[in-house]
Amino acid sequence: MSDTPIIERHIISVLVDNEPGVLARVIGLFSGRGYNIESLTVAETDGQKGLSRISVVTSGTPMVIEQIKAQLARLVPIHSVRDLTENDVAIERELALVKIINRGDDRIESLRIADTFRARTLDSTLNSFVFEVTGNSSKVDAFVDLMRSLGDVEVARTGVSAISRGNRIDLEAK
Amino acid sequence: MATDGQARFSRSAGDTKMPKSAPAAGEKRDDADQTAMMPGAELLLKTLEDEGVEVVFGYPGGAVLPIYDALFKNNKIRHILVRHEQAAVHAAEGYARSTGRTGVVLVTSGPGATNAVTGLTDALMDSVPVVCLTGQVPTHLIGNDAFQEADTTGITRACTKHNYLVKDVETLQTTVIEAFHVAASGRPGPVLIDLPKDVLMANVAYRMEPDKAAAQARYMPQTDPDPAAISATVDIMMRAERPIIYGGGGLINSGPRASELLTELVQVTGWPTTLTLMGLGALAADDRHFLGMLGMHGTYEANLAMHGCDTMLNLGARFDDRVTGLLSGFSPNSTKIHCDIDPSSVNKNVQVDLAVIGDATRILEALLAEMKTRKFKPHKPSLDKWWAQIEGWRKRDCLKFNQTGKIIKPQYAIKRLCEMTANHDVYITTEVGQHQMWAAQYFDFHLPNRWMTSGGLGTMGYGLPAALGVQVAHAGSTVIDIAGEASFMMNMQELSTLAQYNLPVKMFIINNEWMGMVRQWQELIHGGRYSESYSASLPDFVKLADTFNMKGLVAQHADDLDQVITEMLETPGPVIADIRVTKDENCFPMIPSGAAHNDMLLGPDDQAEKPVSEEGMVLV
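Those protein sequences? They're chains U and V, same order as listed.
Just so you know, we're using numbering that gives the first Met the number 0 here: the first sequence kicks off at 0 and counts up by one.
Just so you know, we're using numbering that gives the first Met the number 0 here: the second sequence kicks off at 0 and counts up by one.
Just to be clear, a hint being listed does not mean it is correct.
[To be verified] Covered, in the sense of this in silico footprint (three residues per stretch, anywhere, with C-beta under 8 Å from a C-beta of chain U), are these stretches of chain V:
| no. | stretch |
| --- | --- |
| 1 | 153-159 |
| 2 | 338-346 |
[Claimed, not checked] Below 27 Å or equal to it, Euclidean Cα-Cα: the simulated BS3-like pairs (lysine-lysine) are:
| no. | chain 1 | residue 1 | chain 2 | residue 2 |
| --- | --- | --- | --- | --- |
| 3 | V | Lys394 | V | Lys414 |
| 4 | V | Lys211 | U | Lys48 |
| 5 | U | Lys48 | V | Lys166 |
| 6 | V | Lys335 | V | Lys376 |
| 7 | U | Lys68 | V | Lys335 |
| 8 | V | Lys384 | V | Lys335 |
| 9 | V | Lys582 | V | Lys399 |
| 10 | V | Lys582 | V | Lys408 |
| 11 | V | Lys211 | V | Lys166 |
Note that these hints are calculated values from the structure, not bench results.
Backbone N, C-alpha and C define an ideal beta-carbon position, used for all residues, glycine too.
Work the whole structure out from these sequences, hints included.
Below, the structure written as structure tokens:
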């Protein structure tokens, strides 16, 4: 490779039939073809139509990103594939549950930082908190990093969920 | 699971002669709903009949016994009993590629399904429409490590175009309809349906007029090209000075009409044309515009024309690494148009300037119509100059060889086979290796669907079972498996199948006692260290034929060859012809791995001068 290719981060939103094996198909495609998955979330969006949405955060050269979308669109149970990063139209959010164990000044500081990040306190003992923080991935990263400097931390993150801005509905069942 | 108890097989053996249109004794029929009650296995066969299936290649086992029981009573679907499930899939591939119809495979759960995996992968890589029916343990045992259980849909997810596990018999009919649709439409491929035994035995209503459109609606690939893309294609074609048409397997998969239209396009444009391994036959080999196959063992003129062209029209080929060689050196100065039915083929290996998505036939129709409207005329002076350059490359006669002495040159054997079958209705299959490349180089194909070879996966052992499938589809035709002795031994259990059905397949074994292509790479790349590539302990192929009551022939010397070919062709049943050829012949021309099109080895004299690069050595 003579020139270093540009690696881009893309959020790809995929509408799929909610049937057994569909997630395995998507994940198998990524692993089988050597694509990256930075995060992946899946949940039912329309119970009546039996549809689920998979949001994948991936990275690669523009050629690889184009391949990922084309390969996804080829799968039979996939209704539509949309690249939410194109034209910078996406709103992305991630939720994290962060448990911290500490005492004294560190405990007060963690509460203060949680307030700054608009994190909610879900649980507390005399030497621990569980915070809920929501935001884009970098905000969650920053919050977790700060907490780590203040005590023992355990984190559960949802992964990125995303949707386009504006008054258009982009993902329709074909 | 109470379904087992409900299953009824109340028909007596005498019922087998009943016409299938009438409901049999045990069936309840509801005319108002146009349905008939029957077990899942029978519904399966009825749906196969509705899909036009005439032949199934299979092997029975516990989980598929209900289907075999239904087959016993069925007089419309012919079952060919193979000797190994891999061969069932290759036979279905041979059937599919020689007819353009979907091949059907029926195997049992567990080992039946896992044995089919190589064949399914082969069909996926070469885009062959196959529907594979696998048995499965009853639904209540799935996941319990039951006897002959395998996670078939899990295992085959990566080697099928799509697969299904049918857990509810009510969905069986629509699943089968969708499976056939998915297998054959868009870019074709293998589709697997996993069928638990209780589903096969449960009673269900068969709908005589199912809503096919609804069952197919989920998968609708684009077949008609975008008119703007067609117009843009003609724009580029009008400016072409050194053009080339690069055609592939998509032309074959699209049906014989695509080959006719390609021929018309070539006549209208006068453009030089090359074909991939999978595309051979799309343009007649004796057409003066045909430059031969391109790629690793393609002709000098085809590869140099690809390298030097200014306009490349790719029709149904996928820029495979065997074709492109070193990507950074691939056709560096051309405007590339890629016509393909599969959008994921576009810009996968090679960045193109224009993509046209659609079926090859539709694209060619639209293109020819647009060219007519726009009064397309090739740029004569520059095209003449380009042809003069190509003729210069042609003069190198890169496929020449000298048949001197008594030992048969493999190239000569295939050339004679081609010449001596010129008046036959001939279908050729191959195994994988040197003989395969020589067959591609020295056998002339004038029509599509006459050439069956394992291209993408490179499956040794493909040719014999594929020939079996071809012969089943074309009973009166001459079907020849051009084989290597090592590949032949990978699926030679199918000799028994040929014997059982008296399928007159001719097995033309280019026997050099080596895994020739492995030996060639070891010679060229690994310093002549011939590690494990010698075919030791070969059988006496004449005696082997004899044990199956077939004709066995051997050609030891060049003088014997014509006699052996004649006898092989004149023998009514299957024949093994053991053609003893030069042991150390290498396959040329060759683009060594890691090299570009303009860096070919033309013969043994070249190979010493151009050692393979370090980067090339890691490539396959």
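Mind checking the alpha carbons of U:Lys68 and V:Lys335 for me, to see if they're no more than 27 Å apart? Cα-Cα ~22 Å, so holds.
If you draw a straight line from the CA of V:Lys394 to the CA of V:Lys414, is it 27 Å or shorter? Given that 27 Å is the threshold and the Cα spacing comes to 19 Å, the pair holds.
At a Cβ distance under 8 Å, does chain U reach at least three residues of the stretch 338-346 of chain V? holds (count 5)
Given the hinted pair V:Lys384 and V:Lys335, is their alpha-carbon gap at most 27 Å? 21 Å, holds
Coverage criterion applied to the stretch 153-159 of chain V (partner chain U; beta-carbon cut 8 Å; 3 residues): holds (count 3)
Restraint status (C-alpha distance of U:Lys48 to V:Lys166 at most 27 Å): 20 Å, holds
Straight-line alpha-carbon gap V:Lys582 to V:Lys399, limit 27 Å: 18 Å, holds
When you check the alpha-carbon spacing of V:Lys335 and V:Lys376, does it fall within 27 Å? 19 Å, holds
Are V:Lys211 and U:Lys48 close enough, with their CA atoms no more than 27 Å apart? Answer holds: V:Lys211 to U:Lys48 is near 20 Å, not above 27 Å.
Hint consistency between V:Lys211 and V:Lys166 [alpha-carbon to alpha-carbon, up to 27 Å]: 21 Å, holds
Check whether the Cα positions of V:Lys582 and V:Lys408 lie no farther apart than 27 Å. 9 Å, holds
In summary, the structure agrees with every hint in the numbered list given earlier.
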